[in-house]
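With chain Y's structure known, arrange chains W, H and L on it following the hints.
There are 4 protein chains.
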Amino acid sequence: MLRIAVLGCGRIGKMHAHNIACHPRAELVAVFDVNKSAAQSVAKAYSTVVADSDTAVFSNDNIDAVLIASATETHSDYIEKAVAAGKPALCEKPIDLNLERVKSCAAKIAGSNVPIQLGFNHRFDPGHKAARNAMQSGEIGDLHQIIITSRDPSLPPRSYLEEAGGLLRDMTIHDFDLARFMLDGDPVESVFAIASAMINPTLGAELNEVDTAMIIMRSVGGIQVHINNSRTAVYGYDQRVELMGSAGMVLSDNRKPHECRKYSASIVEAAEPYQHFFIERYTESYIAEVDAFIDTVENGAPMIAEFDDGQQALILAEAAYLSLREGRMVYVNEI
Amino acid sequence: MLRIAVLGCGRIGKMHAHNIACHPRAELVAVFDVNKSAAQSVAKAYSTVVADSDTAVFSNDNIDAVLIASATETHSDYIEKAVAAGKPALCEKPIDLNLERVKSCAAKIAGSNVPIQLGFNHRFDPGHKAARNAMQSGEIGDLHQIIITSRDPSLPPRSYLEEAGGLLRDMTIHDFDLARFMLDGDPVESVFAIASAMINPTLGAELNEVDTAMIIMRSVGGIQVHINNSRTAVYGYDQRVELMGSAGMVLSDNRKPHECRKYSASIVEAAEPYQHFFIERYTESYIAEVDAFIDTVENGAPMIAEFDDGQQALILAEAAYLSLREGRMVYVNEI
Amino acid sequence: MLRIAVLGCGRIGKMHAHNIACHPRAELVAVFDVNKSAAQSVAKAYSTVVADSDTAVFSNDNIDAVLIASATETHSDYIEKAVAAGKPALCEKPIDLNLERVKSCAAKIAGSNVPIQLGFNHRFDPGHKAARNAMQSGEIGDLHQIIITSRDPSLPPRSYLEEAGGLLRDMTIHDFDLARFMLDGDPVESVFAIASAMINPTLGAELNEVDTAMIIMRSVGGIQVHINNSRTAVYGYDQRVELMGSAGMVLSDNRKPHECRKYSASIVEAAEPYQHFFIERYTESYIAEVDAFIDTVENGAPMIAEFDDGQQALILAEAAYLSLREGRMVYVNEI
Amino acid sequence: MLRIAVLGCGRIGKMHAHNIACHPRAELVAVFDVNKSAAQSVAKAYSTVVADSDTAVFSNDNIDAVLIASATETHSDYIEKAVAAGKPALCEKPIDLNLERVKSCAAKIAGSNVPIQLGFNHRFDPGHKAARNAMQSGEIGDLHQIIITSRDPSLPPRSYLEEAGGLLRDMTIHDFDLARFMLDGDPVESVFAIASAMINPTLGAELNEVDTAMIIMRSVGGIQVHINNSRTAVYGYDQRVELMGSAGMVLSDNRKPHECRKYSASIVEAAEPYQHFFIERYTESYIAEVDAFIDTVENGAPMIAEFDDGQQALILAEAAYLSLREGRMVYVNEI
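Protein chains in written order, with the working numbering: chain Y, 1 to 335; chain W, 1001 to 1335; chain H, 2001 to 2335; chain L, 3001 to 3335.
For the record, the hints were derived by calculation from the structure and aren't laboratory data.
Keep in mind that the hints are not guaranteed to be accurate.
[What the hints assert, rightly or not] Using 27 angstroms as the maximum straight-line C-alpha spacing, the simulated BS3-like pairs for lysine-lysine come out as follows: (1) Lys1036/W <-> Lys1081/W; (2) Lys2103/H <-> Lys2081/H; (3) Lys1044/W <-> Lys3044/L; (4) Lys2044/H <-> Lys44/Y; (5) Lys2081/H <-> Lys2036/H; (6) Lys3108/L <-> Lys3129/L.
Isolated chain Y (complex conformation) (with noise of 0.2 angstroms):
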């Protein structure tokens, strides 16, 4: 059994809780937010008990790994002193906001062989990982070409916003990331991206802030990359990967909340809006990348989304941020 603490107990910690509690080769030993309310309504639900700060956490012998969940510009101090104290962590994404921040915990933590998980959850995404592993197997023959669409249902609240660090850098580095993970080794060359406030062109004038873009990347290997997204795709949270290859295509496409269908006068074949949001929709990832967490910890399992992933699909960002300046294809080298 993995003893593992979860910092941060707002919607995602509370998630991560519940998956740690029900997961039978973890048990989770304690929780702490700076919420204090919201720490102790987690621990009374999973039968746990609330750290008395982050501190004490690193420094208990009882827990063997961290996952934290804890507020954005927490995470790079945290996993420092979880290398520090020898505990593996389990990050939620982004590392930071501040690729200067994200290089100084990699210089910090650099030699270290603590395992220090990125919470790139798409990873561990049933549907995105059979159609990695039919790539993999030669299904698709050569890979040519990657479309990835990612909207989100509905614009966050603007206090989100004003904290997220911007579409590219809070959303679309989901989609970066998995790009290349498709990409299987492949480092991406070139990227251009066109970006504009079309759902709220006020609140995007206010935040100078967008919520709609389109991403075109070129790997070394020549591989096309295309990426689209939206902050309100009111038919709900569509996340769809395909791959297009020389000798076949998968697409890994829509998950419903059933598979109930409606024929009437006027249609047919009509399904329930998608899941709603990443909670719903990747509820299998988040546990299956605690999974992978536990395998890595206890099994040495090589680590399926580390550090330098969340590194370079920031890098991936401040390109697109670049080219969205300056109207032309970047370099990943410029940056």
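Same frame as chain Y, now just chains W, H and L:
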């Protein structure tokens, strides 16, 4: 070029005339209808002539074959005349609503080698054929169950119902035939049916007619068959065939007018109602059956739907009616 | 927190124990199994205790309710004991394979207001429920036909078949119940069935057991029901429900493990076989039925599947067996 | 009856001849091809005559209109001759591979009111039209993104590629036009493209030709457009259009030859590869464009695809080529 005359210029006759006129190996040499203006309208559209009488068609040496699309009560007579005149015929179903008349017609044409093809167009549907081909090539292993869903888009007018001979002889006849086609030589042994007037009970009571039915049949080889019928599928003509076997399943599903799907805050993947009715849904089948007819006449290709198939389907309808009356499974050899 | 003990720690009991342990409003306070090591393994995984005996469970004041997942022949006894002890029970189907035993159990617990919920989990499937909700809200107009396709992925082992009580009592029982659920209070009036051993005729002959069946039922209100069953759908657990009405249709279709589809030179839109069996397909249903049970016990919510539903489904199975033997439609009131 | 002559009896000309011959409001009065035997074969199949020369077609008073399906380099000349002769023309795309020639042709026919319809048949596809209708009727709110997937089934022969003018002028031209059709009057402002020879790099290098491309465009109104192309989709002709809006999405998806799906121990819901290529996939579109042409000529109906559309699509291709060369976003007004 096979020179074909079309007898009957109603909705179906008109469509057959069009298909023959467009067929590269056929020529529409004459049309006839007791309603002369209907015949003239078709003749004009396809630059052909109106025959003076049906008799004139059968005696005309410049007519190689006939397509019989006239009123049901003329079918048997026309088949007998076609055989007497040595003119191959493609005759719309049913041969007759009265089994005795069908038997006397069979007796009269016995021994002739003039091809008489029956208009069981469902046998020619690309989807249904693909299902059968998969079964015949062993893809589903041994066939165990056949499920046929067959629902018309709307209750026909009272005048039609008064003449049609009853749901099981008029509409289910196609499904009885399709079941036999899928059974591929294994004869039906027994039939059980329930039916009632659910869509329009008043009309049903007045005409002693049903509009909704369920049937179970078993073949001599033990294969189980289910047919369900309705006269009113508001979502369009519902025509599905499922073949369940020991090593797999095939499903010939419905066909939409196009593949545009809609996504909104209340539904996803919604398509337009299915192709309205047989003229639209079985367009390719009607063309293919004329094609097959030409192959039979010109090259001696085996017939895919012949006179006896019409007779056997009617026998199943009679067995089903007997089952309805007696609330029991009826053996086909009781008819 | 409802304190629940689980009786029976086989495959299903283990799953129920997991669901209770993860449920935020329930606590898994004890488990019991005649196989002590099975009980210990479950107790360890979910940090609970093994009860000394079933009797000890019923007499323990710190246990609020029981979940009965033990062998079928214990169900009626346990139900009677639960009622005697005033402990609400959620009991796996069937109540008993013998209708007389079910009736005597019913007589014994008559008048009690201790909730006894039956484990007809299909009623809790999100897709099936959505179909029923659509019907109840009038979306399909008047219900005319119900078509249930229910096929297991593979023939169970001989040892299971020897104990299971026959296809119609063991497997079709779920479909009889689901038909009743969709009929929504309109009782089944008559039943017709055919069945044979097509998958393994040798085994069928030895055990006097069938593996493939088709059933037609009619309700008092005239609604037509079709059920088809097979013990071997190689493409995965096939669980579909179709409700056909005067103004539309709803179809609760199968669920795939994920939505990855493959495209090659020989096929398009190919998905992986359906979720293998009930544990996977009905995951959400099993959770939902525990949830409903807690609602009933704690808040007096009406039961969705109760004792009498178990008895009525068994009566339909008996009617179907009589129909098989006599080749005729059997009225339910003959049983 | 509109009397139409067909110029060019290759694969496309032959299909147009068939459609005209079958059209109830059109008459195929003559065909012409520099390859006389090709013309004779078509004339025989549809009982029409072979014109002595192209000149003879334009001077024939019994020919009301022409359909131009000859080699690309003849298109501009024929258009000019048609205008001079006062004969409406339906001309296959492209007008010419050279933008200067298109401009000179435009200049020459300026001011004429002889209808010149361009063969952008994708505009007439029932699915694409339904998508556009849904958008125009407000079903998706404000349009934000257009995603066009357009992949041919296989690399054409070298001889074709040598003449075709390059991927973006030959194949993407349809997608540029379709994007413009969906933009519905909002002009394209800028274009970015990447492309390379991934399917056959050797051939690509020899011909300086690409076979795989991705494009992003932005309209003056800010709408984002993505096009992806491949010359080899082994799973069949892949033709999808997605319109994403503030209140919903519509997707015009691929069309299968029939709706038979297969289920086995390794796959479910597998269909046959998509309709092979444009003749099959756009059958209805080709018929509909002839229909629209007749409506324009006989009733003055507005043209759905006109000369200027051909010119504008070519300008987008030129902009894309410039973007390829310079690795930057190109403004359309640079061309």
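Exercise. Can you list which hints this structure breaks, lowest number first?
Worked result: Structure breaks hint 6 only.
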